[in-house]
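> Chain by chain, the residues:
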Amino acid sequence: MTGTGKILDIRDLCVSYMTYEGKLKVVDGLNLEVRYGEKVGLVGETGCGKTTTMRAILDILPKPAGQVDSGEIIFKGKDITKMKSKEIERIRGIDITAIFQNPTAALNPVFTIGQQLFDVIRSQEKRKTGKRLSEKEIQKRAVKALTEAALHDPERLLTNYPVQLSGGMKQRVCIALAMVSDAEMLIADEPGTALDVTIQDQILRLSMFLMTKRNTATLYIEHSLGVIREWMDRVYVMYAGRTVEVAKSADIFRSSQHPYTRGLLEAVPKLTGGGIAKGIAGRVPEYIRPPTGCRFHPRCDYRMDICSKERPPYFDLGNEHKVACYHVKK
Amino acid sequence: MGEILRIENLKKHFQTAQGLVKAVDGVNLSLNAGETLGLVGESGSGKSTVAYNVVGIYGATSGKILFRGEDISMGTSRRPKSLKKDIQIVFQDPGTSLNPRHYIHEILAMPLRVHRIVPEHEITAKVKDLLDQVQLPASFIFKHPLELGEGEKQSVAIARALAVNPSLIVLDEPTSALDVSMQAKVINLLLDLQKTYGFSYLFITHDLGVMRNVANRIAIMYLGKICEVAPAAEFFQGPLHPYTRMLISSVPVVSEEEEKLRPEKIASRGEIPSPVNVPSGCGFHPRCCDATEECTSAIPEKIDVDQNHYVYCHKFKNHES
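Taken in order, these protein sequences are the chains called A and B. Each residue of the first sequence is one higher than the one before, counting from 119 in the numbering used here. Each residue of the second sequence is one higher than the one before, counting from 951 in the numbering used here.
Any given hint could turn out to be false.
DSSO-like mimics (lysine-lysine), calculated; alpha carbons at most 30 Å apart, straight line [to be verified]: (1) B:1267 <-> B:961; (2) B:1267 <-> A:396; (3) B:1076 <-> A:396.
Take a look, some chain A residues computed to stay more than 12 Å from chain B by CB distance [as the list claims (entries may be wrong)]: (4) 204; (5) 311; (6) 396; (7) 408; (8) 429.
I should point out that these hints are in silico values taken from the structure, not numbers from a laboratory. For glycine and all other residues, C-beta sits at the position ideal for the given N, C-alpha and C.
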């Protein structure tokens, strides 16, 4: 069941980092929405601002260097960018949770899985209801969470340290950590990238099964296009801080319009063989002096005069397919 | 085309505090001149150990590695210098395989000096030529690796391997740290170089999509042993070993044509066990959906399905080739 209301609505978000060299406008006019219970993918190359977007939503930008300059992040009707840190604390980890890319870095190596899981459960309950849970209840919930994440022998696992687990098991523990709060929204930042295909497949199936069962809205950040195709309802393609194309995931693979999206799709090595396309020329721009107009124009084969002057607006192609490109309009 | 590399019953065991790790346990492979052999497996399957043995970073515990008929199973320290030159490697992460404190010039000049490829006064010209061959501008010679993008760094690592005119290049997951777009560029570069110089590649990766487009033949490894070897096209059309089928069905694909290629969805299950405690019989049996009693006790023998296609699995014992 996918509702029509928006759980997350990002409008014209701009995020920048201050560095010695100057201000890096990493996210510049990002628009993105996630509806209740919907699974949305966000794709783009490394350095496109995907993770920065995630951090802005959770208010975990490295401060003071990173800051939201303008725009709104509206979560359930309230603007996160204008909240005080106390208010955000009541949302982060409770209403929105996250799974990170590298499970080894996400877990603290000097505490057991149990200690980490208990802490999360205890603190969440306190923030949610103000109550203190009994140790027995915490233990019960922790075991339940690990069981749900398809981990065997959860009681023994609670006494293990992260180094004793394999990468796949660690990522399952991270999923369990993200799940204990019954959040309405999950942000996953490339949870399968650090893992083998078979394990990635297991992790994806597990997290998607749990998401669907609980009707959790998901924002899935990923650079593997195949993963998006198989699991997501809608996809945003992001380039240099902006979303350049959005469509239902079936459409983006059948009839992608933006030259960047096409380039990305062509570059994926296919199981059917037939060689590999040349890839998109150039690389993601430096953010000190990003290209004017459409940020993709220096790498684009179809660029026109207008592309370097004006930022393309979104052209609606119907069926929720929008693309920001003058070439497509023509 | 003749055979350039032959690996016979290669074993590499490591003594660790937890016990004996049989990282590579009886691998047989061969590589023809000018051919690309893909070696695929999950992390922990021993594919990098095979690569390091070929390059000579380790010496083998037992077994033979024949390079043009000459046994090179000892480590590099005991190999003749000319042989070292003939086999080069490109590592997975260019961020750590290039010295961050050296200019690109020094990185590329080092192998030229060590192997006396060109006289001293021609080194800079040769370095520029190498950069040109990997499609990088000559101005890069006075840059540090940090100033380069990931794809560019990997191109420098490839140039370094090229520098000494090798005949066999071992590519240890050369693109797994890169984005699809960069990956496409690096792979095209590798294929172009192969066409020009006739290199043989031992290409290690866990990305089956890359493998399909790069390799002539593919070998699948699991827990230090080979499971299946087949020509690339045949490999994807008729995978036999249950592990191969599980791998292919786990790959997320981007088109409907690809989806048709995938075997019926086999839910992947379990994880690769610790190599200290290898399961008895066929190492894959705890994860295999077709495992029988025999699989738990007997190690499967090589079964020829076709001239170039063989599989190590009890299921195909009665197969008539």
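> Does each hint fit the structure? Answer for all of them.
Outcome of the hint check:
1. B:1267 <-> B:961: Within the cut-off at roughly 25 Å; holds.
2. B:1267 <-> A:396: Violated. Residue 1267 of chain B to residue 396 of chain A sits at ~43 Å, over the 30 Å cutoff.
3. B:1076 <-> A:396: holds (27 Å)
4. 204: holds (39 Å)
5. 311: At roughly 10 Å from the nearest Cβ of chain B, residue 311 of chain A sits no farther out than 12 Å, so the non-interface label is violated.
6. 396: violated (6 Å)
7. 408: Fine: 16 Å to the nearest Cβ keeps residue 408 of chain A off the interface.
8. 429: holds (22 Å)
Of the numbered hints listed earlier, those contradicted by the structure are 2, 5, 6.
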